[in-house]
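Number of protein chains: 2
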Amino acid sequence: MSEEKVVVLNFWPSMFGARVIMALEEKDIKFEYKEEDVFGDKTDLLLQSNPVHKKIPVLIHNGKPVCESNIILEYIDEVWNNDKTLRLLPSDPYEKAKCRFWADLIDKKVFDAGRGTWTKKGKEQEEAKREFIETLKVLETELGEKFYFGGNETVSVVDLVLISYYPWFHTWETIGDFSLENHTPKLMDWVRRCLARPAISKSLPDRLKILGRVSQIIKVHEFFYGY
Amino acid sequence: MSEEKVVVLNFWPSMFGARVIMALEEKDIKFEYKEEDVFGDKTDLLLQSNPVHKKIPVLIHNGKPVCESNIILEYIDEVWNNDKTLRLLPSDPYEKAKCRFWADLIDKKVFDAGRGTWTKKGKEQEEAKREFIETLKVLETELGEKFYFGGNETVSVVDLVLISYYPWFHTWETIGDFSLENHTPKLMDWVRRCLARPAISKSLPDRLKILGRVSQIIKVHEFFYGY
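Taken in order, these protein sequences are the chains called A and B. In terms of our numbering, the first sequence opens at residue 1 and continues consecutively. In terms of our numbering, the second sequence opens at residue 1 and continues consecutively.
Since the hints were derived computationally from the structure, they do not count as laboratory data. Among the hints, a few may not be true.
Unchecked claim - In silico lysine-lysine, DSBU-like type, Cα no more than 30 Å apart, as pairs:
#1 A:Lys109 with B:Lys202
#2 B:Lys121 with A:Lys120
#3 B:Lys96 with A:Lys123
#4 A:Lys96 with B:Lys219
#5 A:Lys121 with B:Lys54
#6 B:Lys96 with A:Lys5
#7 B:Lys42 with A:Lys54
#8 B:Lys96 with A:Lys121
What the hints assert, rightly or not - Now the stretches of chain B that chain A is said to cover, found in silico as 3 or more residues with beta-carbon under 8 Å:
#9 69 to 80
#10 159 to 173
Predicted model, so just to flag it, every value in this text is computed and none were measured. Where a beta carbon is used, it is the ideal one built from N, C-alpha and C, also for glycine.
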């Protein structure tokens, strides 16, 4: 495996990029990180690697690009799958389908609701907060007494997908004025267990930096758009 | 395999349900079909099988539910995978990732744009038509000279996902006043090749029945909402 070349194109606050980096770190795969400024000019490498969506993250493995974060996670798990590496998906088809179901549900529900906690106002903002918290409650129930979503021993794609949103929780709680510790305390214990894993804690963006950037975006928006 | 029990919960015009049925038919797996009226009362079986989304299709295999159409397709391909059955996904991780990418892209782009061709008006309708046709052109390029998206020999999940939208094309073309034959003639040849497969043609809903039902919905909408 000495000649493997792995490159990740990412934009630092992205939850979609963070999960790819965590997966590589969890499996101890060396990679080169390339920052893309998604609000600036996209690089030729990004445009060539993901010509349809033109979005990060992209994993480029020995020159071949793989796009869409959860597809990248499955690719990583299938390619680097020797006995020594952690497995992100179970081999049993039914357990695997359940894993995919929860990973898919998180992106379908958490992303939009979370964003709505700071981009929306009034009733719509309350509705976004309610949906976000309800989704986390459903996930807390699914976690149950397990150490991780992947079981007591190891993290799975469900853990990586959900924890990839964690750096944003602080922004959503602060601007939305609510505390997940009050609503889903057991899930917050799970967050702490995940953060105790070096591969996870070192790969996630700084939550204060995200809040700072979002606060700036809101100020600019209010100045120009007046609400 | 004689004691397998497979049940599919579906709503007849659904593209998401149709692809599951086609996969079962392609693999010659016997199943029981149960119609769900998604605009009426949902059955207890649906609510118990898919308590989070409460949506069809659901595949219930020996009592165990699998939800979300593309997750079901992967499950079917992993469970029924002996040498005699057709494989819907390649075994090579990179080829598999590409398959997943295109299947995912179709649902992300075709569903919303297609619906917009009849639920939207004026400029927004034109934009939906433009995006729908553009997406099909990208797919036509990806198909290239291959017989199917899965290669020259066999259909893949990409074929099943895209052809599951075909019964709706007639509605979108009729109401949106455009012809795919003019825009993507090679893709229309691919449609005809897919329809020549009995497993596909017998599993798809009747396109005239869909147009009839949509025309009715539009009349009711115009009567009550006035536009």
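Hint by hint, which ones does the structure fall short of?
Result: hints 1, 3, 4, 7, 8, 10 break, sorted rising.
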